[in-house]
Amino acid sequence: SEAGLNLGPTGAIAVNEHQQTSIPFVYAAGDCCECFHRVSRKPVYAPLGDIANKQGRIAGANIGGQNISFPGIVGSICFKVFNLEVASTGLTEEEAREAGLKAASATIQGVSRAHSFPGSGELHLRLVADTETGRLLGAQAVGSDGVVSRINALATGLTAGLSLVELAYLDLAYAPPFSGAWDPMHIAAQKLIK
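Here this note's numbering is used: the first residue of the sequence shown is 1, the next is one more, and so on.
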């Protein structure tokens, strides 16, 4: 704010979809600025390397004369603790309610691959959805493997605005080394529909 830039509700620099600040011809990208959350429809502070890279590319392209918009984020994160994968995308049930949405969640315990396939690990998946529209709002998962690929698929579903019904019957690649015929995403969506 000492530089005369408007700060957003998160306390970070407010930018538009072109990464422009409140000062003409001044752009911001990365950990210093906010970004638009596609699910909550609100500005958020998300200091993550992949987001910073995308915002930097958008800012640079626009400085160079192009007209490119940053579409926003769905808030996908992942990390690994020893042999445990943890990942999340979209909103938690609590965050959805704080955003003014009517949310519900369902949690399932599944397996990363077909039960009969060696190396299958336990996987816990929670889906969050809007009870009024049936739209997917978020997902959180933890397990020994297959977590990040599922969260990435669910992030794509969030970006596309998939409903729970669409997710419950989504055509996914299937082979026993990768998943059961009914993926944990399918099962969690069906549980939440009930």
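Careful, some of the hints might be misleading.
Listed below are the simulated DMTMM-like cross-link pairs for lysine to aspartate or glutamate, each with C-alpha atoms no more than 25 Å apart in a straight line [as the list claims (entries may be wrong)]:
hint	residue 1	residue 2
1	Lys-80	Glu-166
2	Lys-42	Asp-145
3	Lys-42	Glu-17
4	Lys-54	Glu-122
5	Lys-80	Glu-122
6	Lys-194	Glu-166
7	Lys-102	Glu-122
8	Lys-194	Asp-31
9	Lys-191	Asp-171
10	Lys-42	Glu-122
11	Lys-42	Asp-31
12	Lys-80	Glu-93
13	Lys-191	Asp-145
14	Lys-191	Glu-34
15	Lys-42	Glu-94
16	Lys-54	Asp-31
17	Lys-194	Glu-132
18	Lys-54	Glu-132
19	Lys-102	Asp-31
20	Lys-80	Asp-31
In case anyone wonders, no lab produced these hints; they're calculated from the structure.
Each hint tested on the structure:
1. Lys-80 - Glu-166: violated (30 Å)
2. Lys-42 - Asp-145: violated (32 Å)
3. Lys-42 - Glu-17: holds (13 Å)
4. Lys-54 - Glu-122: violated (33 Å)
5. Lys-80 - Glu-122: holds (15 Å)
6. Lys-194 - Glu-166: holds (14 Å)
7. Lys-102 - Glu-122: violated (30 Å)
8. Lys-194 - Asp-31: The given pair, whose Cα atoms are some 40 Å apart, is violated under the 25 Å limit.
9. Lys-191 - Asp-171: With a Cα-Cα distance of about 18 Å, the restraint between Lys-191 and Asp-171 holds, given a limit of 25 Å.
10. Lys-42 - Glu-122: violated (34 Å)
11. Lys-42 - Asp-31: Status holds; Cα separation ~17 Å.
12. Lys-80 - Glu-93: Holds: Lys-80 and Glu-93 sit about 23 Å apart, inside 25 Å.
13. Lys-191 - Asp-145: This hinted pair holds, its Cα atoms lying about 22 Å apart.
14. Lys-191 - Glu-34: This hinted pair is violated, its Cα atoms lying about 35 Å apart.
15. Lys-42 - Glu-94: Distance of about 15 Å is within 25 Å: holds.
16. Lys-54 - Asp-31: Holds: Lys-54 and Asp-31 sit about 12 Å apart, inside 25 Å.
17. Lys-194 - Glu-132: Holds, because 14 Å separates the two Cα atoms, which is no more than 25 Å.
18. Lys-54 - Glu-132: Violated - the C-alpha atoms of Glu-132 and Lys-54 are around 33 Å apart, more than 25 Å.
19. Lys-102 - Asp-31: Measuring from Cα to Cα gives roughly 31 Å; hence the hint is violated.
20. Lys-80 - Asp-31: Measuring from Cα to Cα gives roughly 22 Å; hence the hint holds.
Checked against the numbered hints given earlier, the structure breaks hints 1, 2, 4, 7, 8, 10, 14, 18 and 19 and satisfies all the rest.
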